[in-house]
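The listed protein sequences derive, respectively, from chains A and B.
Position 4, counted from 1, in the first sequence is what this note's numbering calls 4; the numbers after and before it change by one each time, with no gaps.
All you need for this note's numbering is the position in the second sequence, starting with 1, plus 1000.
Honestly, the hints are just simulated from the structure, not real lab data.
Virtual Cβ for every residue (Gly too), placed ideally from N, Cα, C.
Worth double-checking, as some hints may not be accurate.
[What the hints assert, rightly or not] Sample of chain B residues lacking proximity to chain A, with all beta carbon distances greater than 10 Å (derived): (1) Thr1004; (2) Tyr1012; (3) Met1065; (4) Asp1081; (5) Asn1116; (6) Gly1130.
[Stated by the list, open to error] Simulated pairs of lysine to aspartate or glutamate, EDC-like, Cα-Cα distance not exceeding 20 Å: (7) A:Lys401 with A:Asp423; (8) A:Lys354 with A:Asp164; (9) A:Lys18 with B:Glu1075; (10) A:Lys18 with B:Glu1078; (11) A:Lys308 with A:Glu390; (12) A:Lys27 with B:Glu1029; (13) A:Lys331 with A:Glu166; (14) A:Lys27 with B:Glu1075; (15) A:Lys67 with B:Glu1017; (16) A:Lys354 with A:Asp144; (17) A:Lys67 with B:Glu1029; (18) A:Lys18 with A:Asp247; (19) A:Lys308 with A:Glu186; (20) A:Lys27 with B:Glu1078; (21) A:Lys67 with A:Asp121; (22) A:Lys27 with B:Asp1081; (23) A:Lys331 with A:Glu418; (24) A:Lys67 with B:Asp1015.
[Claimed, not checked] So the derived list for chain A, only partly shown, Cβ under 7 Å to chain B, looks like this: (25) Asp20; (26) Phe23; (27) Leu24; (28) Asp33; (29) Met198; (30) Arg282.
This is what each chain is made of:
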Amino acid sequence: MTATTDEATVGFGRRHRKEDARFLRGKGNYVDDIVLPGMLHGAVLRSPHAHARLVSIDTTAAEAHPKVKAVITGAVLETLNLAWMPSLSADVVAVLATDKVRFHGQEVAFVVAEDRYSARDALELIDVEYEPLPPVIDATRALDPDAPVIRDDIEGKTDNHIFDWEAGDAAATEAEFAAAEVVVTEDILYPRVHPAPMETCGAIADMDKVTGKLTIYCNTQAPHAHRTLYAIVAGLPEHKIRVLSPDIGGGFGNKVGIYPGYVLSVVGSIVTGKPVKWVEDRSENLMSTSFARDYHMKTSIAATRDGKIRALKVDVLADHGAFNNTAQPTKFPAGFFHIFTGSYDYPAAHCGVKGVYTNKAPGGVAYACSFRITEAVYAVERIVDCLAHELDMDPAELRMKNLLRPEQFPYRTPTGWEYDSGDYPRRCERRWSSSVTPTSAANRPTSGSAAS
Amino acid sequence: MQVTVTVNGQSYTRDIEPRMLLVHFLRDELALTGTHWGCDTSNCGVCTVLVDGLPAKSCTMLAAMAVGHEIRTVEGLERADGLDPVQQGFMTEHGLQCGFCTPGVMMTARALLDRNPHPTEDEIRRAIAGNLCRCTGYENIVRSIRWAADNASAEVTS
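Start from the sequences, fold in the hints, and give me the full structure.
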């Protein structure tokens, strides 16, 4: 930085934020700071196995703990018809496991006790017998004929397939590839990452049996979606449910999803008649809450020898974990992935996305609200770099040659998006002339298979 | 067991379990919820408090270990005449977003400036190595601490 701080601007301007006054004095109001009269504390027992049949659960000793008020298992929830809840993606999610555990860290039992230490003590008094099953960890093996079927709770399910989705014109794309002078293909993996907000997920549920009203303090980024789901699982009309989202210690999409712990705090409050607080610890947050990415993207680009792109295709294997609980607001199962055609002009493109179950934590789209755009941008820019390498061409020059030109707007992409405006060549020229040229060998990709 | 702990200059006596962590003692027994609980493993630093002026992770220290020591939390940062320069620096330089890591970072910064009133940028960055921020505010956090160092005796406002 050469500018002084008085001159430099930051993203949100120089205005003082009204919430800073309380944050700077330690007077924030995060969910774990809230204490309600008579409040009890919940803790979740989690599976140590990625895939196992639940043989038996003995809660006798935990129930005998002097400070324990309730021990809830999947069997208890089944009697209330609460063992499963709808996911945000036309699937169901186990609130507590009843038949099997399907990922390491899955919720198996919930203890409500007078204080948080006692609740955790009681978890150790629960005796669970598991019959371990072979897990599916590698998404590329999920559809093998001999792969164990993870979701045998779904009637008639004989494999780990969730969905197929496509965009673009497959025939036109194949025709371009068949006639192409150069084809480059690369297996691009965007691995699973975790948003890891500094504050973990938590909730306090307060069911008032007299008025029939449910109040939930929850550090959710999507309080309205939460209210709708709680209405469904608790059998209450939405106007009897109040969701309060206090200060949130970071979200990054991790706090959009609806996790069993929230629902269990509601069940705990219904069962005990007291407010129940549940706040997960860091390990629980990392092992069980929503991830991002986990896209295996087989990406191919077709071009002429002189560097004019003709077509792009991407076949995605999407690892959705044990339940399809993707939390994103688009109508597409792969979010906005079909933006993968990028800023370049070519006649044909096609993507196919195949979603599979694995024995991993469910979730899908979190982190920086990308809705799969991050994956899409990585795929196209990486494959353009690979093409530059194959053609022995400056990656900047190759891009300049293929960027959409201002007179082409509004522009309809081969996958159906409309770009309204832009001047990409001028923007790139400006950027590249004011920074390090991307020509250096260090920026070249080191791998990439090619055929011509 | 009964413990008497001095926090922000005030003495508190409580009956607690010997295993109670300092972070839970501060939050649950004293209702000083400015100190946060983030990882339980000394990694993230949101629970940082000062023990006799030195930063410590209160999630890996028993409340009983605080007996006989001076504990200082974010609630004890503000001065009679207004905000501590560290607090003012964070406000002026936008050193916070969600605010969850902020109390811990500010306590670490206070300890640094008490020992080293004019730290280099490298010294600032080393000092806050034990405090994670996920809103990616390290640039602004460093600027905030620099502001506090440069304005140690500035007229404070709230």
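Going down the list of hints, with the structure as the test:
| no. | hint | verdict |
| --- | --- | --- |
| 1 | Thr1004 | holds, 21 Å |
| 2 | Tyr1012 | holds, 16 Å |
| 3 | Met1065 | holds, 17 Å |
| 4 | Asp1081 | holds, 15 Å |
| 5 | Asn1116 | holds, 21 Å |
| 6 | Gly1130 | holds, 13 Å |
| 7 | A:Lys401 with A:Asp423 | holds, 14 Å |
| 8 | A:Lys354 with A:Asp164 | holds, 5 Å |
| 9 | A:Lys18 with B:Glu1075 | holds, 18 Å |
| 10 | A:Lys18 with B:Glu1078 | holds, 18 Å |
| 11 | A:Lys308 with A:Glu390 | holds, 13 Å |
| 12 | A:Lys27 with B:Glu1029 | holds, 16 Å |
| 13 | A:Lys331 with A:Glu166 | holds, 13 Å |
| 14 | A:Lys27 with B:Glu1075 | holds, 8 Å |
| 15 | A:Lys67 with B:Glu1017 | holds, 14 Å |
| 16 | A:Lys354 with A:Asp144 | holds, 14 Å |
| 17 | A:Lys67 with B:Glu1029 | holds, 18 Å |
| 18 | A:Lys18 with A:Asp247 | holds, 13 Å |
| 19 | A:Lys308 with A:Glu186 | holds, 18 Å |
| 20 | A:Lys27 with B:Glu1078 | holds, 12 Å |
| 21 | A:Lys67 with A:Asp121 | holds, 10 Å |
| 22 | A:Lys27 with B:Asp1081 | holds, 18 Å |
| 23 | A:Lys331 with A:Glu418 | holds, 17 Å |
| 24 | A:Lys67 with B:Asp1015 | holds, 17 Å |
| 25 | Asp20 | holds, 5 Å |
| 26 | Phe23 | holds, 3 Å |
| 27 | Leu24 | holds, 4 Å |
| 28 | Asp33 | holds, 4 Å |
| 29 | Met198 | holds, 4 Å |
| 30 | Arg282 | holds, 4 Å |
Checked against the numbered hints above, the structure violates none of them.
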